[in-house]
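Residues in the sequence shown are numbered consecutively from 192, following the working numbering.
It cannot be assumed that every hint is accurate.
Unchecked claim - Pairs of lysine-lysine residues, derived as DSS-like cross-links and limited to a Cα-Cα distance of at most 25 Å, are as follows:
1. Lys437 - Lys341
2. Lys450 - Lys341
3. Lys261 - Lys249
4. Lys437 - Lys454
5. Lys341 - Lys323
6. Lys416 - Lys437
7. Lys341 - Lys454
8. Lys249 - Lys450
9. Lys466 - Lys315
Unchecked claim - Derived CB-CB ranges, DEER-like:
10. Leu395 - Val256: 40 to 46 Å
11. Met486 - Gln272: 43 to 49 Å
12. Arg409 - Glu432: 56 to 62 Å
13. His482 - Phe406: 14 to 20 Å
14. Arg216 - Leu503: 30 to 36 Å
15. Arg216 - His482: 46 to 52 Å
16. Glu254 - Pro302: 31 to 37 Å
17. Pro471 - Ala426: 20 to 26 Å
18. Arg423 - Ala238: 33 to 39 Å
19. Arg507 - Thr291: 45 to 51 Å
20. Glu254 - Phe406: 40 to 46 Å
21. Thr372 - Ala262: 30 to 36 Å
Bear in mind the hints are in silico, worked out from the structure with no lab data behind them. Computed from a predicted structure; not experimentally measured. Quick reminder that beta carbons are idealized off the backbone N, C-alpha and C, glycines included.
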Amino acid sequence: MMQSEVQPPVGNESIAWKKRWGDGRPAIGFIGLGIMGRPMAKNLLRAGYSLTVFNRSKGPVEELVAAGAKASSSPRELAAQSDVIITIVTDSPDVMEVVTGDQGVVYGARPGSVVIDMSTISPKVTRDIARKLAERGVAMLDAPVSGGDKGAREGTLSIMVGGDPEVFEACRPILAAMGKTIVHVGETGMGQTVKLCNQIVCGLNLLAVAEGLAFAARAGADLNKVLDVISRGAAASWMLENLGPKMVAGDYAPGFMVKLQQKDLRLALEAAAEKQLPLPGTALVQQLFRHVEAMGCEDEGTQALVKVLESLGHVRVAQRG
Numbered sequence: 192m193m194q195s196e197v198q199p200p201v202g203n204e205s206i207a208w209k210k211r212w213g214d215g216r217p218a219i220g221f222i223g224l225g226i227m228g229r230p231m232a233k234n235l236l237r238a239g240y241s242l243t244v245f246n247r248s249k250g251p252v253e254e255l256v257a258a259g260a261k262a263s264s265s266p267r268e269l270a271a272q273s274d275v276i277i278t279i280v281t282d283s284p285d286v287m288e289v290v291t292g293d294q295g296v297v298y299g300a301r302p303g304s305v306v307i308d309m310s311t312i313s314p315k316v317t318r319d320i321a322r323k324l325a326e327r328g329v330a331m332l333d334a335p336v337s338g339g340d341k342g343a344r345e346g347t348l349s350i351m352v353g354g355d356p357e358v359f360e361a362c363r364p365i366l367a368a369m370g371k372t373i374v375h376v377g378e379t380g381m382g383q384t385v386k387l388c389n390q391i392v393c394g395l396n397l398l399a400v401a402e403g404l405a406f407a408a409r410a411g412a413d414l415n416k417v418l419d420v421i422s423r424g425a426a427a428s429w430m431l432e433n434l435g436p437k438m439v440a441g442d443y444a445p446g447f448m449v450k451l452q453q454k455d456l457r458l459a460l461e462a463a464a465e466k467q468l469p470l471p472g473t474a475l476v477q478q479l480f481r482h483v484e485a486m487g488c489e490d491e492g493t494q495a496l497v498k499v500l501e502s503l504g505h506v507r508v509a510q511r512g
């Protein structure tokens, strides 16, 4: 299917947000208060937005209510109270459930409202959901993020956005409350495609960091000095600077969980298979992460990939933990 065939229609009703928002701030509904969603929602509150939240577990909802948000009993109810509905949940089926399920956003959202999905899911599923929303006059942006829990807390996320350019411009101030680098990358589904590019590069970069540290450990080098010098040269990267020290410290607390990285790599490999594109490095990293999962470490941070190198090479990178 050509890209020009899958862009959902944008009719007069689906751009009614222009008239209804006027000069005021839209009311926002936020679905998904996990490691990423909770600090992102708090940043919206700090920016002065009216916020209604929904989450399956109640603890995060209570935390946001204490910070000034309102609670909702279902995505449908939340959508009925919101001009813009943001979702950030785990996988494609989860987005489908909260948007198009029996109590989904699609049944509560008014014509002219906007759904911004900030999850990382299948580009194809994104386009399917956008079509269903467009049938009811609801616009959609796919706006996955990169930057981990640190970026979510600090409001410095990179946000890659697919969808109608006018809707994107209207929603840019909302996105700016959560991120620093905000780029419209194309039509519906292209935000998810670019995010999968990000995850491919991240996965391979993470393997490079783990291998470099395993090599240094076997050679008897001072790993902290290794990190200090190579992170200031041509090998510098976000992964090296942020996750390299955690590997050395034996700190596997999740900023982004292994099981979620695996989900993203699966999506990348599935999308590549649809286009008959080989991704040998991505496939290798996915198999190495499967080893991490087999060790029972699927809920640890992605820096736990170093454990595979420790196991294969009978070497110790972690200096404690």
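Hints and how they fare:
no.	hint	in the structure
1	Lys437 - Lys341	holds (14 Å)
2	Lys450 - Lys341	holds (19 Å)
3	Lys261 - Lys249	holds (13 Å)
4	Lys437 - Lys454	holds (22 Å)
5	Lys341 - Lys323	violated (34 Å)
6	Lys416 - Lys437	holds (14 Å)
7	Lys341 - Lys454	holds (21 Å)
8	Lys249 - Lys450	holds (23 Å)
9	Lys466 - Lys315	holds (12 Å)
10	Leu395 - Val256: 40 to 46 Å	holds (41 Å)
11	Met486 - Gln272: 43 to 49 Å	holds (44 Å)
12	Arg409 - Glu432: 56 to 62 Å	violated (22 Å)
13	His482 - Phe406: 14 to 20 Å	holds (19 Å)
14	Arg216 - Leu503: 30 to 36 Å	violated (53 Å)
15	Arg216 - His482: 46 to 52 Å	holds (48 Å)
16	Glu254 - Pro302: 31 to 37 Å	holds (33 Å)
17	Pro471 - Ala426: 20 to 26 Å	holds (22 Å)
18	Arg423 - Ala238: 33 to 39 Å	holds (35 Å)
19	Arg507 - Thr291: 45 to 51 Å	holds (49 Å)
20	Glu254 - Phe406: 40 to 46 Å	holds (43 Å)
21	Thr372 - Ala262: 30 to 36 Å	holds (31 Å)
When the structure is compared with the earlier hints, violations turn up for hints 5, 12 and 14 and for no others.
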